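A.B. asks: Sequence:
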Amino acid sequence: MTQEDLTPAEAYAAARRRAAEQATALAPFRDLYDFELDPFQIEACRALEDGKGVLVAAPTGSGKTIVGEFAVHLALEQGRKCFYTTPIKALSNQKYADLVKRYGPEKVGLLTGDNSVNSEAPVVVMTTEVLRNMLYAGSQSLRGLGYVVMDEVHYLSDRFRGAVWEEVIIHLPDSVTLVSLSATVSNAEEFGDWLDTVRGDTEVIVSESRPVPLWQHVLAGRRMYDLFEEETDHGGRGSARREVNPDLLRLARMENSRPFNGRDRRRGRMSEADRERERRQRSRIWTPGRPEVIERLDAEGLLPAITFIFSRAGCEAAVQQCLYAGLRLNDEESRRRVREIVEERTASIPTEDLHVLGYYEWLEGLERGIAAHHAGMLPTFKEVVEELFVRGLVKAVFATETLALGINMPARSVVLEKLVKWNGEQHADITPGEYTQLTGRAGRRGIDIEGHAVVLWQRGMDPEYLAGLAGTRTYPLRSSFKPSYNMAVNLVDQFGRHRSRELLETSFAQFQADKSVVGISRQVQRNEEGLEGYREGMTCHLGDFEEYARLRRELKDRETELAKQGAAQRRAAAASSLEKLKPGDVIHVPTGKFAGLALVLDPGLPAGRSNGHRGFEHADGPRPLVLTAERQVKRLAAIDFPVPVEPLERMRIPRTFNPRSPQSRRDLASALRTKAGHIVPDRQRKQRSAAADDREIARLRKALRAHPCHGCDEREDHARWAERYHRLQRDTRQLERRIEGRTNTIARTFDRIVALLTEMDYLRADEVTENGKRLARLYGELDLLASECLRERVWEGLNPAELAACVSALVYESRQSDDAVAPKLPTGRSKAALGEMVRIWGRLDALEEEFRINQTEGVGQREPDLGFAWAAHQWASGSGLDEVLRETEMPAGDFVRWCKQVIDVLGQIAAAAPREDSTVAKSARKAVDGLLRGVVAYSSVG
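Using the working numbering, the first residue of the sequence shown is number 1375, and each one after it goes up by one.
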């Protein structure tokens, strides 16, 4: 309908609406973009402008960060502050650069632990841990805070760091509006309900649609198959279903069919048709090599592509394979631009370090448009790869799954080599959520019409399973929240124990536990209604049938118990009799397949018992080897002897007897029948039952006969109802125990932590002691161990390098297995101090066991890892990068990351250490200076 077609009233109403919309903050914000906002973005922005918090759950690459940018826009317009939090420093750096480009460096700051740029600006980008620490410290920077954006909020599922997100959400002032941005999760409404509970009015906006359609493929041999057939409308009902491509199913059946027998081929039994079928099968089903895959994607116009390989070494090997294959994806002009950018971005890296960092091999790959991307790379190198990829100068990236976590690197295609990855404990299938997150990189908004996910064919692949991965959207958000020692002292200091306990009960972890309890509680309620009906069914007019049924159960339980005892005694007697057997004993096997006359060849005694005979020993009891009268040589088991066995006769076994010789067996079996065939074994007399003489059974039987209900004509009907009542009552009690186990779980853990801290004089009721105030400044997995080391002056007198070595044990976690070679340690005072740290940890571990603080539940102190101590000591002492990396055999990226984490904890220790009569604070600051040099000091921001 055009403007001319409107009535005067409709035209007036439309003009009013346009005027009202122009008066909102959203109208000028929309003008900042050269594309129309999607409906879910507009809905979320309007909710924000109305003063509501928002949870936006949308696929990767859908543009949900626009909602976070609108919060920044609102804060600046209202003269308030906005903190934009991200889970990783690289993402913080990226968002900082974006916001500086729009608002200028004077309005935007950055805080990432090792970077502080314009921290008092109205808009500050930071990692989530920085905001958590500010909240506990009561930082002045929180004044005037109006909005907090939590990007990638689904990180709260992370078992190591997830608790930080919940701490921030719970402790933010009520006046702050929260903007939560999440990947598509299947329980967004549940998470939204919790946010509504702890943060007030929160709008949940879920968008399932991808901005760029995604096509799923399987690459097998020379052919790229579509995973699904064309979507069809079955029966015109409007419900399109995606069917798995039948060509792929045929391929899988062909591969899984019986392989041809090589002997058949040699004997000429294969028909010409079979040979042709085998030849075609082998020519079609194979996994193409990495260079082949890239060449194929290039030919199909599907580059740039990210190939996910769940191994750092695999990523590096893939680049080398492409280089050896002579692959070149860049022309001369692109090569020149790559070299210019790389030289500019790496100018700050000392020239002498370039060789050890593998700079020249890395540059050769970049010039050809090929690169790796993983956590073991130098951060600078990773940032350059990201920049070149976004600019289209790198067209093939081989990456580990860490690339899927937030970094803005969309591609036209994503390739998955395998659907299995190492999860830290075992090789496991990737989940539907992981598959969605990895393939979510495919399709660049505003550039590509469609994205492509390509899975390489692997032997044994099931297309139906792959279709399930691609078609399932189950990625539930599960809380990983657990109280820590640092959290406990900070909470008690601010709110006291009682209020702290109440706050922890508002966590998402407890919310989910309570929600699961609701279903169990309903079942308990239904069971209780059923119990009432059963109670009526067993009602007897003669007396209390519940009491009568209890007597019957006690009698049955006692009889069962005695029967088990009798069976155990008979088994023990039988085993004892078997242990007395010797070679040459003639016995009668009482039961089983080989029942009858038998000659003992070897007693088969348990390990450690010889009985004068050196035979084959068994760990699971006697297993005699016998020759039966039917000429069979068999090793029997305890199950063949339910009753004790006695030798009937003795026979000499010839030295020449060979149990493998049929003639030898025949001769000895004949001799056995001649010697003992006429003997009739004594029949085992049935022993008097233990129940016959049991006083408790006699008492119960007497009580049953004396009970009024015993004479009821409907006694057995009542008994059936009573049995149902008993079973349902038992089930109900189990459910009630489950409810008890899930209710107040977080608070109970908090209580145990508080009890331990009280025992160690960190807390006294609601008072935080000086020890506790020191612990409140120490954040990290080994917060209590660090505090105890300061308390016991373990680090006093250490020089900066020695202190760096000791502190490294608080943060480092080896990627190697527990049985790896012992790490190289620095000598002198630091080695003694490290030994003392391990001793203190042992004491804390024993205390945690006493107070039932369980490390497997994510609470408590893990053992300090000394694997980075030597590297930290050498680097802080001024050693060259080449020497340190060569000795440690550690990738440069890992080395830089661990150094930065040591620097972070050293900063905390410098702040927490005593000011008087202590050298630790001074040494910690000097250690920071010693570590923050060369490649560690280089930063792309600030």
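If you are wondering where the hints come from, they were derived from the structure by calculation, not from laboratory data.
Computed from a prediction, not measured in an experiment: that's the story for all the values here.
A couple of the hints might just be wrong.
Said to hold, decoys possible - Label pairs and their calculated CB-CB ranges:
#1 A1691 with R2104: 17 to 25 Å
#2 A1749 with R2122: 31 to 39 Å
#3 A2139 with R2107: 32 to 40 Å
#4 R1624 with E1903: 53 to 61 Å
#5 N2032 with N2228: 58 to 66 Å
For each residue, glycine too, the CB sits at the ideal point set by N, CA and C.
A.B. asks: Each hint needs a verdict: does it hold in this structure or not?
C.D. replies: Consistency of the hints with the structure:
A C-beta distance of roughly 58 Å is found between A1691 and R2104, which places it outside the suggested range of 17 to 25 Å. Distance hint check for A1749 and R2122: the Cβ-Cβ separation is about 36 Å, which falls inside the suggested range of 31 to 39 Å. The hint said 32 to 40 Å for the Cβ distance between A2139 and R2107, and at roughly 37 Å that hint holds. The given range of 53 to 61 Å is respected by R1624 and E1903, whose C-beta atoms sit roughly 54 Å from each other.
Restraint check, N2032 to N2228: a C-beta distance of roughly 59 Å satisfies the suggested window 58 to 66 Å.
Comparing the model with each numbered hint stated earlier shows that hint 1 is the single one that does not hold.
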